[in-house]
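Please take these sequences and the hints and turn them into a complete structure.
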Amino acid sequence: DTAVSQTPKYLVTQMGNDKSIKCEQNLGHDTMYWYKQDSKKFLKIMFSYNNKELIINETVPNRFSPKSPDKAHLNLHINSLELGDSAVYFCASSLTMGGGQGKQYFGPGTRLTVT
Amino acid sequence: DQQVKQNSPSLSVQEGRISILNCDYTNSMFDYFLWYKKYPAEGPTFLISISSIKDKNEDGRFTVFLNKSAKHLSLHIVPSQPGDSAVYFCGVNSGYALNFGKGTSLLVTP
Numbered sequence: 004d005t006a007v008s009q010t011p012k013y014l015v016t017q018m019g020n021d022k023s024i025k026c027e028q029n030l031g032h033d034t035m036y037w038y039k040q041d042s043k044k045f046l047k048i049m050f051s052y053n054n055k056e057l058i059i060n061e062t063v064p065n066r067f068s069p070k071s072p073d074k075a076h077l078n079l080h081i082n083s084l085e086l087g088d089s090a091v092y093f094c095a096s097s098l099t100m101g102g103g104q105g106k107q108y109f110g111p112g113t114r115l116t117v118t
Numbered sequence: 010d011q012q013v014k015q016n017s018p019s020l021s022v023q024e025g026r027i028s029i030l031n032c033d034y035t036n037s038m039f040d041y042f043l044w045y046k047k048y049p050a051e052g053p054t055f056l057i058s059i060s061s062i063k064d065k066n067e068d069g070r071f072t073v074f075l076n077k078s079a080k081h082l083s084l085h086i087v088p089s090q091p092g093d094s095a096v097y098f099c100g101v102n103s104g105y106a107l108n109f110g111k112g113t114s115l116l117v118t119p
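Respectively, the protein sequence lines represent chains R and S. Under our numbering, the first residue of the first sequence is numbered 4, with each subsequent residue one higher. Under our numbering, the first residue of the second sequence is numbered 10, with each subsequent residue one higher.
Warning: the hint list may mix true and false statements.
To be verified - Below 25 Å or equal to it, Euclidean Cα-Cα: the simulated BS3-like pairs (lysine-lysine) are:
#1 S:Lys77 x R:Lys106
#2 S:Lys111 x R:Lys39
#3 R:Lys39 x S:Lys77
#4 R:Lys74 x S:Lys65
#5 R:Lys39 x S:Lys14
#6 R:Lys43 x S:Lys14
#7 S:Lys77 x S:Lys65
#8 R:Lys74 x S:Lys111
#9 R:Lys12 x S:Lys111
#10 S:Lys111 x R:Lys43
#11 S:Lys65 x R:Lys39
For the record, the hints were derived by calculation from the structure and aren't laboratory data.
Right under this line is the structure:
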């Protein structure tokens with residue numbers, strides 16, 4: 004059973020479109036995250052959610068809107084996609100905020116390509 | 010600003026030898042320092058962490074060393090195996106999320 008799953012795995016779309024990436028965790032964790040790995044391979048936090056509440060928004064454009072319908076799901080909706088949004092997006096979860104000793108569980112990633 | 014820096018983008022080591030991956034950080038306030046491993050087309054996986062009050066933590070072939078005065082973290086893998094070939098991310102736990110370095114790609118050759 005996959006602990007943290009994301010759909011879709013690949014997403015190719017044109018500039019200006021709106022798209023969503025879904026994330027689900029079956030670990031019973033309270034905290035979920037979205038990370039972005041850009042073309043330079045930096046892996047950066049975008050959002051942190053704890054018990055369905057937004058805790059951190061790391062200077063992400065407001066075209067990105069996370070939504071947590073319940074503790075097991077954290078979806079990422081992106082409006083008016085731009086070329087610079089092309090990246091791999093990782094969802095993650097942890098038992099506690101930050102992950103205690105730093106242990107978070109990552110999904111397999113969604114590779115978004117904007118043309 | 011980058012709180013965690015990995016200055017070596019790649020490292021090649023022979024099977025059986027020691028692999029040493031290095032990391033520097035800027036802020037001394039973090040409670041935990043950690044290493045994640047990432048294979049292509051997969052998400053990062055937790056490898057090992059160390060509390061800021063310790064200077065060494067071991068888990069099997071993996072040992073992490075923390076030098077607080079130098080603000081330096083290193084990961085030792087002994088002996089290195091071909092299956093260890095991956096990208097290794099050094100990171101810190103800010104309490105809200107993880108902040109990672111740019112990663113070091115390790116290649117272990119037979």
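Between the alpha carbons of Lys111 of chain S and Lys43 of chain R, is the straight-line distance 25 Å or under? The given pair, whose Cα atoms are some 8 Å apart, holds under the 25 Å limit.
Are Lys39 of chain R and Lys14 of chain S close enough, with their CA atoms no more than 25 Å apart? Status holds; Cα separation ~17 Å.
Mind checking the alpha carbons of Lys111 of chain S and Lys39 of chain R for me, to see if they're no more than 25 Å apart? holds (12 Å)
Is the straight-line distance between the alpha-carbon of Lys74 of chain R and that of Lys65 of chain S 25 Å or less? violated (35 Å)
Does the alpha-carbon distance linking Lys77 of chain S and Lys65 of chain S stay inside the 25 Å limit? Holds, at about 11 Å.
Does Lys77 of chain S lie within 25 Å of Lys39 of chain R when you go C-alpha to C-alpha? violated (29 Å)
So if I understand the rule, the pair passes when the alpha-carbon distance is 25 Å or less; does Lys65 of chain S with Lys39 of chain R pass? Given pair Lys65 of chain S, Lys39 of chain R is violated - Cα atoms ~30 Å apart, limit 25 Å.
Hint check: Lys74 of chain R vs Lys111 of chain S, CA-CA at most 25 Å. Holds or violated? Since the Cα atoms of Lys74 of chain R and Lys111 of chain S sit roughly 30 Å apart, the hinted pair is violated (cutoff 25 Å).
CA of Lys43 of chain R to CA of Lys14 of chain S, is that 25 Å or under? holds (14 Å)
Taking only the CA atoms, is the gap from Lys77 of chain S to Lys106 of chain R under or equal to 25 Å? Distance of about 21 Å is within 25 Å: holds.
Can you confirm whether the C-alpha distance between Lys12 of chain R and Lys111 of chain S stays at or below 25 Å? Between Lys12 of chain R and Lys111 of chain S the Cα gap is close to 22 Å, so the pair holds against 25 Å.
Violated hints for the displayed structure, listed by number in ascending order: 3, 4, 8 and 11.
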